[in-house]
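Student: Protein chains in written order, with my numbering: chain E, 1 to 325; chain B, 1001 to 1305.
It is possible that part of the hints are untrue.
Claimed, not checked - Below, in silico cross-link-like pairs of lysine-lysine (DSS-like), each with a Cα-Cα straight-line distance of 30 Å or less:
#: 1; chain 1: E; residue 1: Lys106; chain 2: B; residue 2: Lys1198
#: 2; chain 1: B; residue 1: Lys1299; chain 2: E; residue 2: Lys106
#: 3; chain 1: E; residue 1: Lys255; chain 2: E; residue 2: Lys306
#: 4; chain 1: E; residue 1: Lys277; chain 2: E; residue 2: Lys255
#: 5; chain 1: E; residue 1: Lys306; chain 2: E; residue 2: Lys316
#: 6; chain 1: E; residue 1: Lys316; chain 2: E; residue 2: Lys37
#: 7; chain 1: B; residue 1: Lys1299; chain 2: E; residue 2: Lys170
#: 8; chain 1: E; residue 1: Lys156; chain 2: B; residue 2: Lys1299
#: 9; chain 1: B; residue 1: Lys1297; chain 2: E; residue 2: Lys106
#: 10; chain 1: E; residue 1: Lys156; chain 2: E; residue 2: Lys170
#: 11; chain 1: E; residue 1: Lys244; chain 2: E; residue 2: Lys306
#: 12; chain 1: E; residue 1: Lys106; chain 2: E; residue 2: Lys156
#: 13; chain 1: B; residue 1: Lys1198; chain 2: B; residue 2: Lys1297
#: 14; chain 1: E; residue 1: Lys156; chain 2: E; residue 2: Lys191
#: 15; chain 1: E; residue 1: Lys37; chain 2: B; residue 2: Lys1297
#: 16; chain 1: E; residue 1: Lys106; chain 2: B; residue 2: Lys1037
#: 17; chain 1: B; residue 1: Lys1198; chain 2: B; residue 2: Lys1037
#: 18; chain 1: E; residue 1: Lys37; chain 2: B; residue 2: Lys1299
#: 19; chain 1: E; residue 1: Lys244; chain 2: E; residue 2: Lys255
#: 20; chain 1: E; residue 1: Lys170; chain 2: E; residue 2: Lys37
#: 21; chain 1: E; residue 1: Lys191; chain 2: E; residue 2: Lys244
#: 22; chain 1: E; residue 1: Lys156; chain 2: B; residue 2: Lys1297
#: 23; chain 1: E; residue 1: Lys170; chain 2: E; residue 2: Lys191
#: 24; chain 1: B; residue 1: Lys1037; chain 2: E; residue 2: Lys255
#: 25; chain 1: E; residue 1: Lys191; chain 2: E; residue 2: Lys37
#: 26; chain 1: E; residue 1: Lys277; chain 2: E; residue 2: Lys316
#: 27; chain 1: E; residue 1: Lys191; chain 2: E; residue 2: Lys277
#: 28; chain 1: E; residue 1: Lys277; chain 2: E; residue 2: Lys306
#: 29; chain 1: E; residue 1: Lys316; chain 2: E; residue 2: Lys244
#: 30; chain 1: B; residue 1: Lys1198; chain 2: B; residue 2: Lys1299
Said to hold, decoys possible - Beyond 10 Å from chain E on every Cβ pair, some chain B residues (computed):
#: 31; residue: Ala1014
#: 32; residue: Ile1024
#: 33; residue: Leu1118
#: 34; residue: Pro1275
#: 35; residue: Ile1286
Unchecked claim - Label pairs and their computed distance ranges (CB to CB):
#: 36; chain 1: E; residue 1: Arg194; chain 2: B; residue 2: Phe1042; range: 23 to 31 Å
#: 37; chain 1: B; residue 1: Val1131; chain 2: E; residue 2: Asp82; range: 40 to 48 Å
#: 38; chain 1: E; residue 1: Gly180; chain 2: B; residue 2: Phe1047; range: 43 to 51 Å
If you are wondering where the hints come from, they were derived from the structure by calculation, not from laboratory data. Quick reminder that beta carbons are idealized off the backbone N, C-alpha and C, glycines included.
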Amino acid sequence: MTYSAAAATDPQPSVDTSGVITLDNLSVSFGGRPILKDLRGELRGRAIGLLGPNGAGKTTLIHTLLGFHPPTSGTARIFGRDIRSEANQIKSLIGYMPERDSFIAKMSCVHLVRFMAELSGLPPGAALERAHEALFFVGLGEARYRNLDTYSLGMKQLAKLAQAIVHGPKLIFLDEPTNGLDPPARLRMIKMIREIRDSGQANIVLSSHLLRDVEECCEEILILKDGRLVTYCNLEEERKANKKFLMLETRGELKGFVEAVGGIGCECAMTSDHRLKIILQEGTQIRDLYRLAADSEIQIRRLTYKRDSLEDIFLKAMENGNGGS
Amino acid sequence: MAVLERSYKRFQGALSPEWSRFLIIPRHAYRDVFRSKLFTAFFALSFIWPLVCTILIYLHHNVEALAIMTINVRDLLPIDAWFFQVYLITQGTIGFFLAVLVGPQQVSRDLTNNALPLYLCRPFSRSEYVVGKMSVIIILLSTMTWAPGLILFLLQSYLEGWSWFSENIGIASAIFIGSLVWILLLALMSQAISAWVKWRMAARAALLGLFFIPTIFAAVVNELFQTHWGHIFDLQALIGNVWSGLFGTFVREVVEHREVRNNQMVAVAFRTEPPLWASWFVLFLICAFCLWLLSRKVKAYEVVK
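Use the sequences and the hints to build the structure in full.
Tutor: Right under this line is the structure:
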């Protein structure tokens, strides 16, 4: 990783969006208890959010992809390489920021990051150079010679990010990166993750139980529930896909129009004298609303779809969570 | 370059060879180890005995120096297999205490601080991790056991002549193999204890205990059954037997008691040592058990079943 101004405007970003992770009937059990159940799918996004309630299997999925737990059945591929047979090649392409505190005692931060870079295969000179650069990048430049034991929780999170990116991996797993951070530190962390994503140099898998973090950083989301994959979608497309919820701004007497809309089976609520919220029923078209408006002699000045928030998508996935992928 | 303008970019340079990456661990570990002045002093002191041996070998071949000091060459310790075995026993004992100081903190620190995921999420396997941690002790003890031992052997060969070298080449292999077996045993035991006992002082005590408590137990067994088979439980005796076997000084039947009346031997009591293969076998079992203990603990995350 060379941190340079030029890198930010790299004309040919080398990020791989064609099948970053392929889950092929992946199952993992611990002591006979299934944790991940028959996961299937191809994850392609630059930044993929891994969501799910506590115990859904998010961390187990990351650990399995990192080779920490062997799959019970099925397999997964990262950049086309099988996690069972090509674990070492995969590990040279990835960086991992663990959820829990993970350090080597009595080491300065720059020493730890350099050590990790060397273990990733960087020659000692390059490792030292990039350790300094990574620490400046995450904002620990001034504190890099301090012993890690003296770091605050927020600084430790930054140090974990630095060791995950020091060798310039192609795919970065971030497990709860904003855990324990105060609002300004959280914003800084989110900004850095977005910077890495936008640099086009690495794909990111972000596991978090904080929907806001995922919403701000990720383009695609994968939702797990009880070890099953319940939703994998592009966040933007999913938001647009729900076209049943309408917001109308009108001019004219609304009473007749509201009754007419109720007459065709749609739920309708007035939020002010001129604004309406409508939930379309199956088989009802937008043109029906325009027809009713014409009949009631009112003008529709604006019609917008209310986009689903990530929370809506998540809650919907939890409600319908017994399906497969 | 302004720090704020920096952004993420992948590393494009050449990587270090995979086979050599386990050596990164000792390289970084020695920084920490030699930060302690007490350890550095102790390590320096461990070279005193090789220095004394060098002087002894030199004196054996320098008549003028002996004449000045009015020492007869017969009063000096002869330079033979026993001389080098004594050298190895002394250095091995010092090496044990060095291992007690360095070994117990190697794995326990990483386990206490959850550092294993950081190692194992990289192209660095569990076996490379264990070999890396063991090599901290292997390299350290090699510099003060077989390496100076072989230099002493070569010095003696140089001063004594080619015939001595060719007749005693077995001593060189005994120094090398004997040291390596001892170092391997110490490295494996200290790492296994380090993996299971997270508190450094407790781990040190456990390592000391493993070498001294069985010795007491073995002595009790030997006294009760009038034998030396109790040595099978005694690590010091086991390695002692292995070294004796390598140097060709091993005697199975040890005279325990002689009764002489009127200048005539009337009774001789023997005690039998366990055979050499048994000593090798027990050491092998201990090493295998240590490896099993390490394989149980050296994992990125423990799965609670």
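Student: Are the hints correct? Go through all of them and say.
Tutor: Here is how each hint holds up against the structure:
1. Only pairs whose Cα atoms come within 30 Å are accepted, and Lys106/E paired with Lys1198/B is accepted, the gap being roughly 16 Å.
2. Using a Cα cut-off of 30 Å, the hinted pair Lys1299/B and Lys106/E holds, with the two alpha carbons roughly 22 Å apart.
3. A distance of roughly 23 Å separates the Cα atoms of Lys255/E and Lys306/E; the hinted pair therefore holds under the 30 Å criterion.
4. Note on Lys277/E and Lys255/E: the hinted pairing holds, with a Cα-Cα distance of about 14 Å set against a maximum of 30 Å.
5. Taking the CA atoms of Lys306/E and Lys316/E, the gap is about 15 Å. The hint holds against a cut of 30 Å.
6. Restraint check for Lys316/E and Lys37/E: satisfied, since their Cα atoms lie roughly 20 Å apart, inside the 30 Å limit.
7. The suggested pairing of Lys1299/B with Lys170/E holds, with an alpha-carbon distance near 24 Å, which does not exceed 30 Å.
8. The suggested pairing of Lys156/E with Lys1299/B holds, with an alpha-carbon distance near 22 Å, which does not exceed 30 Å.
9. Using a Cα cut-off of 30 Å, the hinted pair Lys1297/B and Lys106/E holds, with the two alpha carbons roughly 22 Å apart.
10. Restraint check for Lys156/E and Lys170/E: satisfied, since their Cα atoms lie roughly 23 Å apart, inside the 30 Å limit.
11. Taking the CA atoms of Lys244/E and Lys306/E, the gap is near 8 Å; set against the 30 Å cutoff, the hint holds.
12. Straight-line distance between C-alpha atoms of Lys106/E and Lys156/E comes to about 14 Å, which keeps the hinted pair within the 30 Å bound.
13. Straight-line distance between C-alpha atoms of Lys1198/B and Lys1297/B comes to about 11 Å, which keeps the hinted pair within the 30 Å bound.
14. Annotation: proposed proximity of Lys156/E to Lys191/E holds, straight-line Cα distance about 17 Å (limit 30 Å).
15. A C-alpha spacing of about 27 Å is found between Lys37/E and Lys1297/B, which places the hinted pair at or below 30 Å, so the restraint holds.
16. Restraint check: the Cα-Cα separation between Lys106/E and Lys1037/B comes to about 16 Å, which is no more than 30 Å; the hinted pair holds.
17. In summary, the hint linking Lys1198/B to Lys1037/B is supported, as the alpha carbons are separated by about 24 Å, within the 30 Å threshold.
18. Between Lys37/E and Lys1299/B the alpha-carbon distance is near 23 Å, which keeps this suggested pair within the 30 Å criterion.
19. The straight-line distance between the Cα atoms of Lys244/E and Lys255/E is roughly 22 Å, inside the 30 Å bound, and the hint therefore holds.
20. Annotation: proposed proximity of Lys170/E to Lys37/E holds, straight-line Cα distance about 27 Å (limit 30 Å).
21. Restraint check for Lys191/E and Lys244/E: not satisfied, since their Cα atoms lie roughly 33 Å apart, outside the 30 Å limit.
22. Taking the CA atoms of Lys156/E and Lys1297/B, the gap is near 25 Å; set against the 30 Å cutoff, the hint holds.
23. With a C-alpha separation of about 19 Å, the suggested pair Lys170/E and Lys191/E falls inside the 30 Å cut-off, and the hint holds.
24. For the hint linking Lys1037/B to Lys255/E, the alpha-carbon distance of about 90 Å lies beyond 30 Å, and the restraint is violated.
25. Pair hint Lys191/E plus Lys37/E does not hold up; C-alpha atoms about 34 Å apart against a cutoff of 30 Å.
26. A distance of roughly 20 Å separates the Cα atoms of Lys277/E and Lys316/E; the hinted pair therefore holds under the 30 Å criterion.
27. Between Lys191/E and Lys277/E the CA atoms are separated by roughly 35 Å; this puts the pair beyond 30 Å, and the hint is violated.
28. For a cut-off of 30 Å, the pair hint linking Lys277/E to Lys306/E stands: about 9 Å separates their Cα positions.
29. Taken as a hint, the Lys316/E and Lys244/E pair is honoured in the structure, with Cα atoms around 14 Å apart against an allowance of 30 Å.
30. Of the supplied pair hints, the one linking Lys1198/B and Lys1299/B holds, its CA atoms being roughly 15 Å apart against a limit of 30 Å.
31. Not every Cβ of chain E is farther than 10 Å from the Cβ of Ala1014/B; the closest lies at roughly 7 Å, contradicting the non-interface assignment.
32. Here Ile1024/B does not stay apart from chain E, with its beta-carbon only about 5 Å from theirs, under the 10 Å limit.
33. Taking the minimum C-beta to C-beta distance to chain E, about 5 Å, the non-interface status of Leu1118/B is violated against the 10 Å cut.
34. With a closest Cβ-Cβ approach of about 42 Å to chain E, Pro1275/B is found to remain outside the 10 Å limit, as its non-interface label requires.
35. No Cβ of chain E approaches the Cβ of Ile1286/B within 10 Å, the least distance being about 29 Å, so the stated non-interface status holds.
36. Between Arg194/E and Phe1042/B the C-beta distance comes to about 53 Å, which lies outside the given range of 23 to 31 Å.
37. Checked against the hint of 40 to 48 Å, the C-beta distance between Val1131/B and Asp82/E comes to roughly 25 Å, which is inconsistent with it.
38. Range check, Gly180/E to Phe1047/B: about 49 Å between beta-carbon atoms, so the 43 to 51 Å window is met.
Hints 21, 24, 25, 27, 31, 32, 33, 36 and 37 from the earlier list are contradicted by this structure; the remaining hints agree with it.
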